[in-house]
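Visitor: Letter by letter, the chains look like this.
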Amino acid sequence: MKEEELGKKLGSLTFKLFGLGAIAVFLIFIFFYIHENPDFLKNFDKDNPEIPVFEASMVEEIGFINDDHVELVITKCTSCHSAKLVIQNRATREGWQTMIRWMQRTQNLQDLGDDESNILDYLSKNYAPAKQGRRANLRDIDWYKLD
Amino acid sequence: MAKRRDFIKKASLASLTALLGSKIVFGESMLEGYRPLFLDQNDPSKLFGKHKDMTVLNDRPWNIEAKAHLLDDEITPASKMFMRNNGIIPDKPDSESWTLTIDGESVSKSRIFTIQELKTRFRHYTYQLTLECGGNGRSEFNPPAKGNQWTVGAVSCANWTGVRLRDVLEDVGIKNDAVYIGYYGVDRHLSGDAEKVVISRGVPMTKALQDETLIAFQMNGEDIPLAHGYPLRLIAGGWPASASGKWINRISVRNIEHDGPKMTGDAYRVPCEAVAPGSVVSSENMCIIESMPVKSLITYPRSGATLEMDNVLEIRGHAWAGELEVNRVDYSTDFGTTWKKAALRKPKNRLAWQHWKASIQFPKKGYYEVWARATDSEGNSQPMVVPGWNPKGYLNNACHRIAVKIV
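Protein sequence lines correspond, in order, to chains A and B. Taking our numbering, the leading residue of the first sequence gets 1, the next gets one more, and so forth. Taking our numbering, the leading residue of the second sequence gets 1001, the next gets one more, and so forth.
No wet-lab data here; the hints were simulated from the structure. Ideal Cβ placement from N, Cα and C applies to all residues, glycine included. Any given hint could turn out to be false.
Quick list of in silico lysine to any residue cross-link-like pairs, SDA-like style, CA-CA up to 25 Å [to be verified]:
{"no.": "1", "chain 1": "A", "residue 1": "Lys131", "chain 2": "B", "residue 2": "Ala1274"}
{"no.": "2", "chain 1": "B", "residue 1": "Lys1262", "chain 2": "B", "residue 2": "Lys1341"}
{"no.": "3", "chain 1": "A", "residue 1": "Lys84", "chain 2": "B", "residue 2": "Lys1341"}
{"no.": "4", "chain 1": "B", "residue 1": "Lys1365", "chain 2": "A", "residue 2": "Lys84"}
{"no.": "5", "chain 1": "B", "residue 1": "Lys1146", "chain 2": "A", "residue 2": "Asp147"}
{"no.": "6", "chain 1": "B", "residue 1": "Lys1052", "chain 2": "A", "residue 2": "His81"}
{"no.": "7", "chain 1": "A", "residue 1": "Lys84", "chain 2": "B", "residue 2": "Ala1274"}
{"no.": "8", "chain 1": "A", "residue 1": "Lys125", "chain 2": "A", "residue 2": "Asp147"}
{"no.": "9", "chain 1": "B", "residue 1": "Lys1341", "chain 2": "B", "residue 2": "Lys1357"}
{"no.": "10", "chain 1": "A", "residue 1": "Lys145", "chain 2": "B", "residue 2": "Lys1052"}
{"no.": "11", "chain 1": "A", "residue 1": "Lys84", "chain 2": "B", "residue 2": "Pro1044"}
{"no.": "12", "chain 1": "B", "residue 1": "Lys1067", "chain 2": "A", "residue 2": "His69"}
{"no.": "13", "chain 1": "B", "residue 1": "Lys1146", "chain 2": "A", "residue 2": "Lys145"}
{"no.": "14", "chain 1": "A", "residue 1": "Lys125", "chain 2": "A", "residue 2": "His69"}
A few chain B residues that don't get close to chain A, going by computed Cβ distances all over 10 Å [said to hold, decoys possible]:
{"no.": "15", "residue": "Ser1108"}
{"no.": "16", "residue": "Ile1112"}
{"no.": "17", "residue": "Ser1303"}
{"no.": "18", "residue": "Asn1327"}
Have a look at the derived ranges for each label pair, beta carbon to beta carbon [as the list claims (entries may be wrong)]:
{"no.": "19", "chain 1": "B", "residue 1": "Phe1335", "chain 2": "A", "residue 2": "Asp142", "range": "51 to 57 Å"}
{"no.": "20", "chain 1": "A", "residue 1": "Ala136", "chain 2": "B", "residue 2": "Ser1108", "range": "41 to 47 Å"}
{"no.": "21", "chain 1": "A", "residue 1": "Glu94", "chain 2": "B", "residue 2": "Glu1117", "range": "49 to 55 Å"}
{"no.": "22", "chain 1": "A", "residue 1": "Ala130", "chain 2": "B", "residue 2": "Lys1365", "range": "43 to 49 Å"}
{"no.": "23", "chain 1": "A", "residue 1": "Leu146", "chain 2": "B", "residue 2": "Ile1088", "range": "37 to 43 Å"}
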């Protein structure tokens, strides 16, 4: 074996050992991180491990009304579009269900299974249509002095 | 700012992941209190140079509207132009390598043009063209219609420069059986599905061959801003703005009514025959919206002005009527009981909005509303209440109102 080849092989071995070492360090880090931060795992809803629990301030920043199933709605309804699209709309339970069906038919939304009923409960309660007649009064007028 | 920082401290990695909609790679290594960049990349004034008072209806996809008083300019600048997106804005399109393909059943032979070829081969035209979202005013419908809840600000009238679609189609050669053109752009579907076309609408040949229908490469004398279709977009003024495709790389000349996404079903369609509010209408009874209806805005003063008795209030705004011209604008200060005629200018060119103004002296102190009502060249006026209900909430051209107090 030429000296050059030997050098290359040694170099490659060192590299592999270094890689293994890095993985070990990473695993130890994760172990200690979870050990020191047990809350990390508690951030997931026990009944439904896919649904994280949100702090009230987080729900407020996103803009949703904080009520039962809000985590479910955030998780299921904001992976494709913004929360703002939900918040600005108003509909009855049937109306919200029609929107879900439309998204399933045309926008690749999956079957929501048992979650659908809870999502519809939340939306139809918190984002129900207002009775505004044929034309509403002018609202939220920001009065100012015109010079 | 303190509040935002506080929020990040409390937000867990899991909840951030849910908010972002995808995993934060190496999220474990984020320091406590670190604010991920994506949370700050949501400012439309930084991202698109929009005026700070523009209203964000939706940030994924981006949908932003103006307020009436922001539209006071005679020619709408980019900073005050509404944004309506169905998908994700493309990332850094390259105008040097960009091509436009003209194909379809009704072309003699498909052709591919670079932007440079379009610019050198065909004459350039500039027109000021009104683009209004078909759903502008949707928020007023009752029962409510789903989708972005536009109020009054999804309308603009900028100068667009480009080549006539007609010149390009004639150069390519179109067959006698051509019925419709349909555009394709490179915006990406929200679901991330690369195969899914976001929106592909179009117009019938009569509209496609009009002088003012452009393949545009400039807006207000500069490259079109990315948010508005850089490097190439279709402009079909006076029709729902969704007919003016952005980031286009293909126009198909069809021998049938174009059947791309958002062309069929109930998208950009209204009941062929009027229906009672809340009715269910089947797809075959929905008809494609073509010309937009007559409409006007009071762009000065901003709603909420208080002024002292004996002061004269100057009011002004714009009026437009889809394919038609506006013949008159009237205003009322007594809730529609009496109307006075405003001074109205001719449009700069066909399909441009027209400017109107008036001076008002109020008779006594109190709360007033100023209403504006435009009438088009065929005698159609804006209604005072919300017009015919339709399932998707299009074409609300009810008169614009502002509040004024005399003290």
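Visitor: Any hints this thing doesn't respect? Which numbers, in order?
Guide: Of the numbered hints, 2, 3, 4, 5, 7, 8, 12, 13, 17, 19, 20 and 22 do not hold.
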